[in-house]
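Asker: Chain order of the listed sequences is A and B. So the first sequence is numbered by our numbering: it starts at 1 and just counts up by one. So the second sequence is numbered by our numbering: it starts at 310 and just counts up by one.
FYI, nobody ran anything at the bench for these hints, they're computed from the structure. Mixed in with the good hints there might be a few duds.
[Stated by the list, open to error] Some chain B residues near chain A, calculated using beta-carbon distances under 8 Å:
| hint | residue |
| --- | --- |
| 1 | V315 |
| 2 | G349 |
| 3 | Y359 |
| 4 | G361 |
| 5 | K392 |
| 6 | G394 |
| 7 | K406 |
[To be verified] Straight-line alpha carbon distances no greater than 25 Å define the calculated DMTMM-like cross-link-like pairs of lysine to aspartate or glutamate that follow:
| hint | chain 1 | residue 1 | chain 2 | residue 2 |
| --- | --- | --- | --- | --- |
| 8 | A | K171 | B | D313 |
| 9 | A | K73 | B | D371 |
| 10 | A | K171 | A | E245 |
Keep in mind it's a predicted model, so treat the numbers as computed, not measured. Glycine is no exception: its CB is placed at the ideal position from the N, C-alpha and C atoms.
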Amino acid sequence: MATTHHTLIIVGGGPAGLTAGLYAARARMDHLLVEKGAEGGQVLLTDWIDNYPGFPEGISGFELAEKMTAQAKRFELNSLFGNVVSMDLSSPIKRLELESGDSLSCDALIITTGARPRGLGVPGEKELTGKGVSYCATCDAPFYRNLHVAVIGGGNTAVQEAAHLTKFADKVTLIHRRDELRATKIVQEKAFANTKIDFIWDTNVTAIEGKDGVEQLRLLNTNGEESTLQVEGIFILIGVMPNNEMLPLTDLAADQGGFIPTDCETRTAVPGVMAAGDIRSKEVRQVINAAGEGATAVLAAENYLTNLS
Amino acid sequence: MANDKVQSVSDADFDSVIASDTPCLIDFWAPWCGPCKAIGPVVEALADEYDGRATIYKMNVDDNPATPGKFGIRAIPTLILFKSGEKVDQITGAVGKVQLTELIEKAL
Chain A
1 MATTHHTLII VGGGPAGLTA GLYAARARMD HLLVEKGAEG GQVLLTDWID NYPGFPEGIS
61 GFELAEKMTA QAKRFELNSL FGNVVSMDLS SPIKRLELES GDSLSCDALI ITTGARPRGL
121 GVPGEKELTG KGVSYCATCD APFYRNLHVA VIGGGNTAVQ EAAHLTKFAD KVTLIHRRDE
181 LRATKIVQEK AFANTKIDFI WDTNVTAIEG KDGVEQLRLL NTNGEESTLQ VEGIFILIGV
241 MPNNEMLPLT DLAADQGGFI PTDCETRTAV PGVMAAGDIR SKEVRQVINA AGEGATAVLA
301 AENYLTNLS
Chain B
310 MANDKVQSVS DADFDSVIAS DTPCLIDFWA PWCGPCKAIG PVVEALADEY DGRATIYKMN
370 VDDNPATPGK FGIRAIPTLI LFKSGEKVDQ ITGAVGKVQL TELIEKAL
């Protein structure tokens, strides 16, 4: 099977990868961006983005992804539809294996593989996924017209998407394991003012039950009290887990959660390998950070390549 | 770019499409669904690979509410595999090519 070499390879086409691609393309570097689906990443799951500067009215996640892609393509972004299944970073020439059987190699590598929604890991979750269990309110909200749904989580995504769900659902019950939300104040204020949203605090979901679709949730309050809640749908929005299955985690000194630590120039433990966006070990996962880190990563890659020659 | 091997199917011609002896995979999607867009290139690649052995269709759930209702679809993208009018299996979410390949192979 064929091996193709590029000076710089970017793995992942979300906001970090697309920004890296934009910078690399404009710098006329010999580059390749590898993406396993359509460009955009998790932004595609986001209903509405109000905190990305330059869009005073806000913008849908879908549209932002399209604009980022179009902008990178205007400068002749070189992209490949492919799925990287493993990497060998043990020598200066990094090697990537694709699901197709082909290989890629590069001098500098930017990892922007991102993250995906985390599951609850409770009985019934897997069996009822797509039958009432959802991880994307933007995608599935219209199927819950006039029904009662639960949202699990207390962060920005959970609270914002609970509000989005009220456009369709009759009633949205937000269930959070703590007694206060973690979401940004303005997002919280909107949710508290929304009469279709009610809240269950200090509570975990222990099981999702139903025959052909979700019928009820089993709940456990932190005080030990058990209860059930009848709902037709449950949206699990409790944060993310890293897309790291293709990464050599030991070489990259991954943290306990499987995310990749870097310095402030996005350099990982492996020389010539940068990580940007949600795959990075960090506190804040926002579109704006991902984009900024993507730019930083290309500049770090350029520095590395200059010092090589 | 759109792949002409992935045809559209509607509520009206759904039954005749799935009746075929050739396995068919229906991709239920909507224009506002990000993960549906994300899975698009994978579905198109599979349509090329399985050309002649399996047929891949897309159904827009906004324009065709009856069929998704009949199959209890509550999330998209959902892909359902049919053979000779019978449902073989289904998968939901923006899954990878490997999972979709495994799905199609169940009817071959």
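Asker: For each hint, tell me whether it holds in the structure or not.
Answerer: Right, here's what the structure says about each hint:
1. V315: violated, 14 Å
2. G349: holds, 6 Å
3. Y359: Nearest chain A Cβ about 15 Å off; hint violated.
4. G361: violated, 20 Å
5. K392: Check failed: Cβ of K392(B) comes no nearer than 20 Å to chain A, outside 8 Å.
6. G394: violated, 20 Å
7. K406: holds, 6 Å
8. K171(A) x D313(B): violated, 42 Å
9. K73(A) x D371(B): violated, 30 Å
10. K171(A) x E245(A): Violated, at about 38 Å.
In terms of the numbered hints stated before, the structure departs from hints 1, 3, 4, 5, 6, 8, 9 and 10, listed from lowest to highest.
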